[in-house]
Amino acid sequence: MASTHPRIAAPLPARAGLGLKAEHIDEILATRPDIGFFEIHAENYMGDGGPPHRRLEAIRALYPLSLHGVGLSIGSPRPLDKAHLARLAALAERYEPGLFSEHLAWSTHDQGFLNDLLPLPYTEETLAAACSHIDQTQETLGRRMLLENPSTYVLFAESTIPETEFLGEIARRTGCGLLLDVNNVAVCAANHDFDPLSYLDAFPLEHVGEIHLAGYAEAEDDAGHRLLIDAHDSPVRPGVWSLYDWVIARFGVAPTLIEWDNDAPDWATLHAEARRADRRLANTATRGLRHAV
Amino acid sequence: MPFDTTLEDFAAALTDPAMATPTQTRGREGRTDARRFAVYRNNVAVGLIATLEMRYPVTRRLLGEVFFRALARAFIVERKPASPVLIHYGIDFPTFIETFAPVRDVVYLSDVARLENAWVEAYHAAEATPLGLAALSTIAPERLGGVLLSFHPSARLLRLAHPAASIWAAHQEHGEPRTPEAWTPEDVLVVRPNADVAVRVLPPGGYDFATALMAGASLAEAAAPLADNGVDPGPHLVGLIEAGTIVTFDEGRSS
Numbered sequence: 058m059a060s061t062h063p064r065i066a067a068p069l070p071a072r073a074g075l076g077l078k079a080e081h082i083d084e085i086l087a088t089r090p091d092i093g094f095f096e097i098h099a100e101n102y103m104g105d106g107g108p109p110h111r112r113l114e115a116i117r118a119l120y121p122l123s124l125h126g127v128g129l130s131i132g133s134p135r136p137l138d139k140a141h142l143a144r145l146a147a148l149a150e151r152y153e154p155g156l157f158s159e160h161l162a163w164s165t166h167d168q169g170f171l172n173d174l175l176p177l178p179y180t181e182e183t184l185a186a187a188c189s190h191i192d193q194t195q196e197t198l199g200r201r202m203l204l205e206n207p208s209t210y211v212l213f214a215e216s217t218i219p220e221t222e223f224l225g226e227i228a229r230r231t232g233c234g235l236l237l238d239v240n241n242v243a244v245c246a247a248n249h250d251f252d253p254l255s256y257l258d259a260f261p262l263e264h265v266g267e268i269h270l271a272g273y274a275e276a277e278d279d280a281g282h283r284l285l286i287d288a289h290d291s292p293v294r295p296g297v298w299s300l301y302d303w304v305i306a307r308f309g310v311a312p313t314l315i316e317w318d319n320d321a322p323d324w325a326t327l328h329a330e331a332r333r334a335d336r337r338l339a340n341t342a343t344r345g346l347r348h349a350v
Numbered sequence: 135m136p137f138d139t140t141l142e143d144f145a146a147a148l149t150d151p152a153m154a155t156p157t158q159t160r161g162r163e164g165r166t167d168a169r170r171f172a173v174y175r176n177n178v179a180v181g182l183i184a185t186l187e188m189r190y191p192v193t194r195r196l197l198g199e200v201f202f203r204a205l206a207r208a209f210i211v212e213r214k215p216a217s218p219v220l221i222h223y224g225i226d227f228p229t230f231i232e233t234f235a236p237v238r239d240v241v242y243l244s245d246v247a248r249l250e251n252a253w254v255e256a257y258h259a260a261e262a263t264p265l266g267l268a269a270l271s272t273i274a275p276e277r278l279g280g281v282l283l284s285f286h287p288s289a290r291l292l293r294l295a296h297p298a299a300s301i302w303a304a305h306q307e308h309g310e311p312r313t314p315e316a317w318t319p320e321d322v323l324v325v326r327p328n329a330d331v332a333v334r335v336l337p338p339g340g341y342d343f344a345t346a347l348m349a350g351a352s353l354a355e356a357a358a359p360l361a362d363n364g365v366d367p368g369p370h371l372v373g374l375i376e377a378g379t380i381v382t383f384d385e386g387r388s389s
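Chain order of the listed sequences is A and B.
For the first sequence, position 257 (counting from the first letter as 1) is numbered 314 according to my numbering, and the numbering increases by one without interruption.
For the second sequence, position 106 (counting from the first letter as 1) is numbered 240 according to my numbering, and the numbering increases by one without interruption.
Hints were generated in silico from the structure; no laboratory data involved.
One or more of the hints may lead you astray.
[Said to hold, decoys possible] Calculated pairs, SDA-like style, for lysine to any residue (alpha carbon to alpha carbon, straight line, at most 25 Å):
no., chain 1, residue 1, chain 2, residue 2
1, A, Lys139, B, Ala329
2, A, Lys78, B, Tyr257
3, B, Lys214, A, Asp318
4, A, Lys139, B, His222
5, A, Lys78, B, Arg195
6, A, Lys78, A, Asp91
7, A, Lys78, A, Asp320
8, A, Lys78, B, Val180
9, B, Lys214, B, Phe201
10, B, Lys214, A, His289
11, A, Lys78, B, Arg277
12, A, Lys78, B, Gln306
13, A, Lys78, A, Thr221
14, A, Lys78, B, Ile225
15, A, Lys78, B, Asn328
16, B, Lys214, A, Trp324
17, A, Lys78, B, Gly181
18, A, Lys78, B, Asn177
19, B, Lys214, A, Val127
20, A, Lys78, A, Trp324
21, A, Lys78, B, Glu187
22, B, Lys214, A, Gly104
23, A, Lys78, B, Phe201
Next comes chain A alone, as it looks inside the complex:
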């Protein structure tokens, strides 16, 4: 029945969405909760068939979908994996997601796929490489993509371009949009000792098509400084909510994903976290409307 159901219109609403977890799908299909959209990691749906695709078809018939890649290695100096690009294109064609996003990071090298979003230096050379990979991706998928700002734990001696400028230049050259991960901003600000509001002030918000929120873990570096880790294993922290409020007050509303992929709680807890973002979006939208009137 699900396969013949007309699909929800593709673009994502400016509401809260959640990552789709296999263990929640039965409950979601049974109760049909009011959620703006679901986001999936593309690589988890690159099998040929079976239960993952059956469940995703059923979800897609009811909700808008966001396709989030974690393995394209856009920030690498090496050529993109064409087979992987083809898999992404096939997935996008099958599920018609409202948007596709990937990371300003690399993950594949001679050793194989390294299974993490690794950092790159910001130079004219790396900028050109990232832009050519994004051009190739947008061309293959036949659509505009969003690029996400990373969480980083180290910087590079040879970097010459500030991250916000680097992202803005990529958006300008390739026409791609940006995915602003507010938790990543908080993580980097703490790790590299800068003011997150100054970063956001410099961020090219006009290109933002989606926002990510998540929880972080805490550790220490060699010098005893607090080191935040983008762990996606806990609720969004108060400081990150404040930054989010600042962003949507300045920029307006955008589809907002709560990322809680590790040690994911039960559906009710996750849904409550999404409603916190929805309330903020609704308040901002109402205020915006008053301004307009």
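Once you have looked at the hints, place chain B on chain A.
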């Protein structure tokens, strides 16, 4: 330093814990910082080990968490995923187990892992509609011997030297673990004709019969060894069809 060299150094240090922190990286104090770099090393290891834990839950239960992690860590150091599609990572874990000296005494372990790998492959395999028994009756009896069968994309045949399917079944999430009643080799068919993966232990002769058919032998060719031993191939064929293993009959060749 050229971009490629910087990332080369980063990747090399990431996968070799004995290597120093890459010299081009900087922490907050403007110099390299081992604990910061260790976050990346840890992310890679934890993620890949978790992938193996999800693929091999019974192998993990049999070994215990600590021992399994040591085994998984040895594997990930040696073998990195060939692509970002981690659904395919760890297919060669069972053969690695056979070569890993500390678990060589657990003789049935690699067989259990082979079964778990086949289960995951079947789970993600392409969809196809299995044929019912009724389809068999549409074939004229004189043409039956020449019939070629094609198998469901999820079908996997395993010849296990130990009762690994019984051990696997006894160590699922629910139910008390128990030792198999008889310590005998088991031939297994794994197939997912619909949403659920089924694991069946085949009767004697069933593995060779199904393997021959899967390799493209006609029904008559596959059945000959059974018939030579006075075994009726009929129940074997019916068993395969009832399990949802067969998706098409091809009468292309006449017998």
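Has the given pair, B:Lys214 with A:Gly104, been kept, meaning a C-alpha gap of at most 25 Å? Roughly 19 Å separates the two Cα atoms, so the pair holds.
Can you confirm whether the C-alpha distance between A:Lys78 and B:Val180 stays at or below 25 Å? Judged against 25 Å, a Cα distance of about 19 Å means the pair holds.
Has the given pair, A:Lys139 with B:His222, been kept, meaning a C-alpha gap of at most 25 Å? holds, 18 Å
Would you mind confirming whether the straight-line C-alpha gap from B:Lys214 to A:Asp318 stays at or under 25 Å? holds, 23 Å
A:Lys78 paired with B:Gly181 [C-alpha distance capped at 25 Å]: holds, 17 Å
If you draw a straight line from the CA of B:Lys214 to the CA of A:Val127, is it 25 Å or shorter? OK: B:Lys214 and A:Val127 at ~16 Å, within 25 Å.
For the pair supplied as a hint, A:Lys78 and B:Asn177, is the alpha-carbon distance within the 25 Å limit? Holds. A:Lys78 to B:Asn177 sits at ~20 Å (cutoff 25 Å).
Measure nothing beyond the straight line between the CA atoms of A:Lys78 and B:Asn328; if it is 25 Å or shorter, mark the hint as holding. With Cα atoms ~21 Å apart, A:Lys78 and B:Asn328 stay inside 25 Å; holds.
Hint consistency between A:Lys139 and B:Ala329 [alpha-carbon to alpha-carbon, up to 25 Å]: Outside the cut-off at roughly 31 Å; violated.
Tell me if the straight-line CA distance from B:Lys214 to A:His289 falls inside 25 Å. The given pair, whose Cα atoms are some 24 Å apart, holds under the 25 Å limit.
Distance restraint between A:Lys78 and B:Ile225, which requires alpha-carbon spacing of 25 Å or less: holds, 24 Å
For the pair supplied as a hint, B:Lys214 and A:Trp324, confirm whether the alpha-carbon distance does not exceed 25 Å. Not OK: B:Lys214 and A:Trp324 at ~33 Å, beyond 25 Å, violated.
Going through the hint list in order, the structure does not satisfy hints 1, 11, 13, 16 and 23.
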